[in-house]
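Take these sequences, add in the hints, and give me the full structure.
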Amino acid sequence: MVPLSYYLVLSGILFVCGVLGFLIKRNIITIFMSIELMLNGVNLSFVAFAAQWHALSGQVFVFFVMVVAAAEAAVGLAIIIAVYRTRETLNVDRVNLLKL
Amino acid sequence: MTPPTLNPLLWLVPILPLAGAAINGYFGRRSSKKAITAIALVFCGAAFVMALILAARFSSASAPYYYDLAHWIRAGSFQVDFSFYLDQLSLVMLLVVTGVGFLIHIYSVGYMGDDDGYYRFMAYLNLFMFFMLTLVLAKNYLVMFIGWEGVGLASYLLIGFWFTKDSAAAAGKKAFIVNRIGDFGFLIALFLMIKHFGSLDFTRVFAQVSAWPIETAGAGTLTAIGLLLMVGAAGKSAQIPLYVWLPDAMEGPTPVSALIHAATMVTAGVYMVARSSAIFDRAPMAMTVVASIGTLTALFAATIGIAQTDIKKVLAYSTVSQLGYMFMACGVGAFSAGIFHLMTHAFFKGLLFLAAGSVIHGVGGEQDMRKMGGLRIYMPITFMTMTVATFAIAGFPPFAGFFSKDEILWKAFSSEHGSWVFWLIGVITAFITSFYMFRLWFLTFFGDYRGAPAVHDVKHQSADARAMHDKHAHEEHGHGDPHESPWVMLGPLVVLAILSFIGGWIGIGGRFEHFLAPVFQGGPAAELAHETAGEAAGSGTETLLMLISVAAAVSGFLLAWTLYFRRPQLPARIATALGGLYQAVAHKYYIDELYATLFVKPLIDGSTTILWHGIDQGAIDAAVNDSADAARHVSDSVRHMQSGNLRSYAGWVAAGSAVVIAYMVWMGIR
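Line order of the protein sequences matches chains H and A.
The numbering used here numbers the first residue of the first sequence as 1 and each following residue consecutively.
The numbering used here numbers the first residue of the second sequence as 1 and each following residue consecutively.
Don't take each hint at face value.
Stated by the list, open to error - Sample of chain A residues at the chain H side, in silico, Cβ under 7 angstroms:
1. 644
2. 646
3. 647
4. 650
5. 651
6. 654
To be verified - Just a few of them, taken from the derived set where beta-carbon distance is under 8 angstroms, the chain H residues facing chain A:
7. 19
8. 93
9. 96
Hints listed in this document are in silico derivations from the structure and should not be mistaken for laboratory results.
Each residue gets a CB set at the ideal place from its N, CA and C atoms; glycine is no exception.
Set out below in structure tokens:
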């Protein structure tokens, strides 16, 4: 059996990849994908703990996260399309109308 | 004294005009003129009818009526209620206020009918009636104070009725501020009463006062209360040194001058002093001060009246002077004589103002008597009624003013508080009064019409003139010849003329005094006994004094007749001969200028430098502005974090979470 620590390290690597991608990339779709990566990193640690402790609540939580992520994807993609239609760019640095 | 009886009619009397004021005030802008007239007259007339019903029932029983409407202040043993009270004194005031008030309401329909603010005017008049009736019917000093302040408010609103005119707005402010000085004295008197008597109820205060000794030796609490009350009365009733607002108050429409500044509101001070007779009876020094102020004011204002050329200003100074008579009467202990003169004065001075309004109306808004003349041909009814009023105020028998003025002069001479000095000044004042009133009469109604027939220079006209200008412009006859006023204005004149003629007869044989006797219990049976005993001995003296005062009135008439009828070129020469003295009188002894230098200017300067620039701008504004500035500088330095760069925000979030996680891990390790 693969030890728990392997899963957790992988989960941490996925999460940090997500964070770095979020911070570095400028394309909104890439940023969006980075958010999904962070969510899935967390999901991995949930199921790993659930398997380790034979507790179903971790699995249930993962389903919740996936549902929220799906809803978020639907809304987020709609927003991205709307942004592209009005501004004709997906570069976040140029979507800055709310600054002081 | 029989215990007071409950009578729920009492609170209806003041409430009715308030309802009229509310209806006209809220809906008047959209109502028709007829509806406004109907509401104003019906509610005011209903109050008058109520007063008549009360009077009819009252004459059979001499026990006062009272009615407790609601609790107001309850603090331990101290309590004040919304209570109303009707005894002989308030009954006289009630009838005068509602009766004269109703007549002036009718007159206003004709006088103000074409003004744009007609609904506002009628609402204010009704509001004034409400406050005046509250003042008169109050059962304690605090409810009286509500009315006292309320009539001041109504007076302010009505003086400044034509508020687009600077002088009217300024006159309103002046009246309000000067009254405020008097109210300050009145309030402190109330505080003293609460401290020493623990009550403000008339009956309870006077019951306690009657147990106090008479303060003959010097000034005590009662003297202090009396003097402070007199400060309030001097403000409201335009006595020295606070009389300066009344002549300026003539900026208001003429019915207002008649109702508020002649017949009713300005007499509130006299009523208040008479109501407090129990206090004054035990404070001889306060009495002397009241009498001296009244006597001085009577003479002083009368002399100013000689040289005025504005018809309303003459009447204004005459009002101040007549109020002085009333205070003279109160000061020598003849409260009923003061109230008697208050009543007859309400008739003839109300009539004089209304007739003057009719004259102003008839000549197209002119108020300068030098531009009138010969009007007895053009306006016969106004002339007749004005003649009655002039003879009444001058003190010719058998007109009303003769009886009341003679009563005051006799009391000033014979009363134990009186002295021949008061009497002598009173007679001199009577002579001057007669002179300036007949001067007004001759200048206005005799000789040839001196007004320019058609041309009108709007710039030099008074407020009344301009208000009337519009209404006359679209009438066919224009300003050509003077014309008689409509009957809606003449009717009240005729009624008041009848009252001015016969109104004094109720005082014959001391009937009026006996009617009021239960109220003025201060020097109770003793004074009445003294009165009847002295009657026989003094009747010779009384007749002599009466003859002297009639002689004074007649010689005033003769002098005016010589100067302004037989030899009209003489007054100008006399004025030139007197030079400086005439100038001083014509400029009202420069009192306004003196007050401006002594009080107004230092006050404005002090307020500007210390309060405005120093405290308001230097401390209060500075504190607010500086803290705002500090907040702005701090925000200015941190606002650069908000760059609009989405990834920098995310970076901050990530860094924050990292810090939180690091902290938790650190805490976990420890």
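Outcome of the hint check:
Because the beta carbon of residue 644 (chain A) sits about 2 angstroms from the nearest beta carbon in chain H, less than 7 angstroms, this interface hint is met. For residue 646 (chain A), the shortest C-beta to C-beta distance to chain H is roughly 5 angstroms, which falls under 7 angstroms, so the interface hint holds. Look at residue 647 (chain A): its Cβ gets to within about 6 angstroms of chain H, closer than 7 angstroms, so that hint holds up. For the restraint placing residue 650 (chain A) at the interface with chain H, the shortest Cβ-Cβ distance is roughly 6 angstroms, inside the 7 angstroms limit, so the hint holds.
Evaluation of the residue 651 (chain A) hint against chain H yields a held restraint, the C-beta minimum of about 5 angstroms falling below 7 angstroms. Interface hint status for residue 654 (chain A): upheld, as the beta-carbon distance to the closest one in chain H is roughly 6 angstroms, under 7 angstroms. The interface hint given for residue 19 (chain H) holds, since its Cβ lies 6 angstroms from the closest Cβ of chain A, which is under the 8 angstroms cut-off. At about 6 angstroms, the closest approach between the beta carbon of residue 93 (chain H) and any beta carbon in chain A falls short of 8 angstroms, and the interface hint on this residue holds.
For residue 96 (chain H), the interface hint holds, since its Cβ comes within 8 angstroms of a Cβ in chain A; the closest pair sits about 3 angstroms apart.
Checked against the numbered hints above, the structure violates none of them.
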